[in-house]
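K.L.:
Here is how the chains run, residue by residue.
There are 2 protein chains.
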Amino acid sequence: MASKPILYSFYRSSCAWRVRIALALKKIEYEYRPVDIFKGQQNSEEFSKLNPLSQVPALVCNGATVVQSMAIIGFLDDVYPKPPLYPKDPIQKAQAHALAEIINSGTQPMQNLSVLKRLCTDPEKQKEWSHYWIDKGLTAFEKMLQQTAGKYCVGNSVSIADICLVPQMLNAHRADVDFTKFPLIQKITVSLSEMDAFKEADPFIQPDCPKELQGKGKKY
Amino acid sequence: MASKPILYSFYRSSCAWRVRIALALKKIEYEYRPVDIFKGQQNSEEFSKLNPLSQVPALVCNGATVVQSMAIIGFLDDVYPKPPLYPKDPIQKAQAHALAEIINSGTQPMQNLSVLKRLCTDPEKQKEWSHYWIDKGLTAFEKMLQQTAGKYCVGNSVSIADICLVPQMLNAHRADVDFTKFPLIQKITVSLSEMDAFKEADPFIQPDCPKELQGKGKKY
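So the sequence lines, in the order shown, correspond to chains Y and F.
So the first sequence is residues 1 to 220, counted in UniProt numbering.
So the second sequence is residues 1 to 220, counted in UniProt numbering.
There is no bait here: all hints are sound.
Since the list gives no way to pick one copy over another, a pair counts as held whenever it fits inside one copy or between any two copies.
In the BS3-like style, the derived pairs of lysine-lysine whose C-alpha atoms are separated by at most 27 Å in a straight line are:
| id | residue 1 | residue 2 |
| --- | --- | --- |
| 1 | Lys136 | Lys117 |
| 2 | Lys117 | Lys127 |
| 3 | Lys199 | Lys187 |
| 4 | Lys26 | Lys88 |
| 5 | Lys49 | Lys151 |
| 6 | Lys211 | Lys39 |
| 7 | Lys117 | Lys143 |
| 8 | Lys143 | Lys49 |
| 9 | Lys27 | Lys88 |
| 10 | Lys143 | Lys187 |
| 11 | Lys136 | Lys125 |
| 12 | Lys199 | Lys26 |
| 13 | Lys136 | Lys39 |
| 14 | Lys136 | Lys49 |
| 15 | Lys199 | Lys4 |
| 16 | Lys49 | Lys181 |
| 17 | Lys143 | Lys39 |
| 18 | Lys187 | Lys49 |
Derived by calculation from the structure, the hints in this document are not laboratory data.
Please model the complete structure; the sequences and the hints are all you need to start from.
P.N.:
Spelled out as structure tokens, the structure:
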């Protein structure tokens with residue numbers, strides 16, 4: 001690739017976090033441009049021109065804008081193939097992909113900020129709603145791990161499943177989900193949290209993380 | 001592949017519908033096994049043994065069970081590569097993937113049956129909720145099509161984007177979404193509806209579609 005990719009990110013967005021992990025695993029240098037979605041900066045004229053969907057994350061690579069975290073990660077895997085983020089064996093690849101989907105389409109969408117806002121204004125009811133969907137998602141994830149896990153979600157190589165799992169765990173923590181029910185998830189997230197790429201992608205060390213929160217990430 | 005794949009499907013499930021389209025595009029013969037999710041058959045002991053997540057669709061191929069529609073379609077694309085369901089060019093591939101994600105993680109999850117049931121019991125409120133998310137998703141989809149569309153969603157080859165779009169349109173119809181706002185989506189779905197693969201995958205000709213509904217699918 002000719003020029004350094006630019007990542008439009010927000011430190012707290014779990015989907016931007018996924019992309020930061022993928023970039024770090026592949027050791028790709030990139031420029032970080034913050035978009036504060038708590039302040040609605042994703043709706044600015046400048047950002048809307050770049051990404052008509054007004055969403056983070058967005059990756060600009062040689063003038064082309066790529067959107068949607070799963071599509072960005074797939075793109076990175078095509079253009080920077082090492083290390084691969086999907087297993088080579090078709091069955092193992094499908095397992096990693098299915099685990100990722102339990103989070104990507106089966107959990108995260110129900111508890112994202114826009115859904116919670118549409119649901120109600122009561123923080124307790126929002127938390128109860130998030131708790132229900134995250135607990136359900138992680139229960140399915142844990143069940144599937146019984147068939148697939150090694151050191152990581154699928155065997156002993158980090159894959160798209162691990163990339164999707166870690167950011168979901170912070171939201172699980174915020175929704176008071178009981179992790180003791182998920183021993184495999186717990187074991188794997190400990191292994192992942194020791195890897196440099198996962199440390200580098202952590203929300204609480206990103207440039208747009210408010211100073212008072214820097215380094216304050218709870219263990220997931 | 002040695003033996004004929006088995007698809008566990010429900011005629012009305014939009015995610016099973018996606019997989020039926022992929023199977024039909026690739027002209028793969030398969031055995032259709034219905035699981036009536038209106039009757040809770042996905043929770044039967046027999047099906048739970050096969051798929052611990054108790055969800056349709058599930059594809060059984062040479063003894064291995066593959067779950068989650070996007071993972072199943074990816075698996076089919078790996079094992080039966082022709083015709084490919086993702087464009088070869090990395091940017092076009094990312095565009096097709098991003099369009100698919102607008103539906104897969106950005107629209108469908110918010111309006112699926114389990115979310116509506118958790119939300120409330122009032123059918124009017126459920127419809128209003130579905131309408132909001134589908135209208136928002138299709139607005140984003142149409143905006144992105146302005147950059148990508150040819151005869152189909154991305155250029156002139158059918159891709160994963162088209163596979164995800166068509167089943168979403170029936171739900172849009174049911175939620176009274178105004179299609180006239182989406183001229184590109186309308187044009188493309190007309191082209192798709194004329195293809196044999198899309199006709200074969202239609203919910204209202206599946207073996208488990210109740211007799212009184214057979215052939216009654218509204219135009220999408």
